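If you read the sequences in order, they're chains W and X. For the first sequence, counting from 1, position 134 maps to 134 in my numbering; every step adds exactly one. For the second sequence, counting from 1, position 107 maps to 107 in my numbering; every step adds exactly one.
I should point out that these hints are in silico values taken from the structure, not numbers from a laboratory. Treat the hints with care, as some may be off.
Mimicking EDC-like on lysine to aspartate or glutamate, the simulated pairs with C-alpha atoms at most 16 Å apart in a straight line are [to be verified]:
| # | chain 1 | residue 1 | chain 2 | residue 2 |
| --- | --- | --- | --- | --- |
| 1 | X | K2 | W | D54 |
| 2 | X | K6 | W | E95 |
| 3 | W | K10 | X | D254 |
| 4 | X | K249 | W | D221 |
| 5 | X | K219 | X | D195 |
| 6 | X | K3 | W | D99 |
| 7 | W | K67 | X | D254 |
| 8 | W | K222 | W | E212 |
| 9 | W | K118 | W | E153 |
| 10 | W | K10 | W | D54 |
| 11 | W | K233 | W | E220 |
| 12 | X | K84 | W | D68 |
| 13 | X | K253 | W | D54 |
Some residues of chain W that are not near chain X, with every Cβ distance over 10 Å (derived) [claimed, not checked]:
| # | residue |
| --- | --- |
| 14 | N6 |
| 15 | P85 |
| 16 | M96 |
| 17 | R124 |
| 18 | K222 |
It should be emphasised that the depicted structure is a prediction, and the values quoted were computed from it without experimental measurement. Quick reminder that beta carbons are idealized off the backbone N, C-alpha and C, glycines included.
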Amino acid sequence: MILANNITKKFGKLIALDNVSVKCNKGECVILIGPNGSGKTTLIKCILGMVIPDSGFITFNSKNIYKDWQYREQIGYMPQMGRYPVNMSIGQVIEMMVDIRGGQSRLDDDLIIDFKLKPLLHKRMGTLSGGTTQKVSAALAFLFNPSVLILDEPTAGLDPIASEILKEKIIAEKENGKLLLITSHILSDLDDVVTEIIYMQDGKMCFHQSIELLREDTGEDKLAKAIATIMLKHANNNI
Amino acid sequence: MKKIVKYIMTDILRSKILIIYTLVLFITSLSIFGLEDNINKGVLSLLNIILIIVPLFSLLFSTIYMYNSAEFIELLVCQPLHRKNIWISFLIGLAVSLTISFVIGTGIPIMLFQFNLIGFLIVLVGVILSIIFVAIALWAAVQIRDKAKGIGMTILLWMYFSLLFDGFVLFLLFQFADYPLEKPMLIVSALNPIDLGRILILLKLDISAMMGYTGAIFKDFFGTYIGIIITFFILAIWVFIPMYFSTRKFIRKDL
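Isolated chain W (complex conformation):
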């Protein structure tokens, strides 16, 4: 569904992405992990067309996304740090998004209800706490029933209850055959959802494996431990 081919992106001297190729298919739940500054968010932004790669190309449903914009109708994006116009209330932001994206027959407002955002609709975005802003971001990502969900650090900043609600929603959407692309540090959160793992370091893609294979290779059952083994191996190789 999403195919990134030899993506390279430089910010000045810094190489944010170095010849990265990724392939994601329908019904998968791909988790993107790696240390801070390894290029996870840049890769996501490339897929969204917010950052334009220096070389390489990305296709969405086998159509090149360069200079295309309609493909974003099928993507719901939850940014790492949702930034919204400070003068608008939650209700106005949601209304505006509905108005702009339009054309959708069925809106999925489960998260708005589950996160109990209804009583907060009149609150201005500028006055919200980080966690509430994240809830709004999540609600907006799922609102339009997109076939691809891109979540950048979804559980960071959410309290345990909200994070549990979000996780249930992620599982439900995965069952619906949607593609989920998630970046995260907290692996234990998503142990039982993930099907594929991509590990990135210093802008390079170290490996892309399915979870069963990874468990077999490392002999660890817990995802976190399996990843730790791999990370250690990579660190040792680098030395």
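Let chain W serve as the given structure and place chain X on it in line with the hints.
For chain X alone, kept in the frame of chain W given last:
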């Protein structure tokens, strides 16, 4: 695109600064016409004030607005919208709001005291200058990532257009005083939209006789209808060039 323009305009029109701008323009124009017995002199004073305030306010307001809307732009860019449409919507939203303020602020007093071709031309020049400087401000805002640098840049641009350029023209005139400069002056004046607007209106005020031979040449050109049409064509180019380059840059920008 209409929808984005609508949201941008409601956002801008809510800001109190724009209301203050309208009021300042309104009070200044009214008091100038009230104080001057000679309508022509009144028009001249008003013209000078418009030519200084309108570019400065358009530049500063638009640049600051664009930097403050960084979040809004980020939000829109990851939606199924064409980047070109987003950028042009911002331009239209800013240009229309500033035009509305200007037309209310100066248009009404001018229509009351000076309901003729000159009054109409002043309003038209003011409106076009507002749009030109919105386009220039957007160009500066898209080129420079840092807010303080961007605002500093627009202030420099304003200084260039309203002060430095005149100095440059005077310098040229004195250096090449022995040569016939009347015709090249026509071309040089096209390099600054503020000067172009000023010359256009001054020549309609029948004081070109005071400007000597250059005035006569200018009158021959700007006095005719073809001259006026060409002038507005050049002003239109002043809108499209910054708009074209800023849109091109925005389409390729990393957010």
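*Tell me, which hint numbers fail for this structure?*
1, 4, 9, 15 and 16
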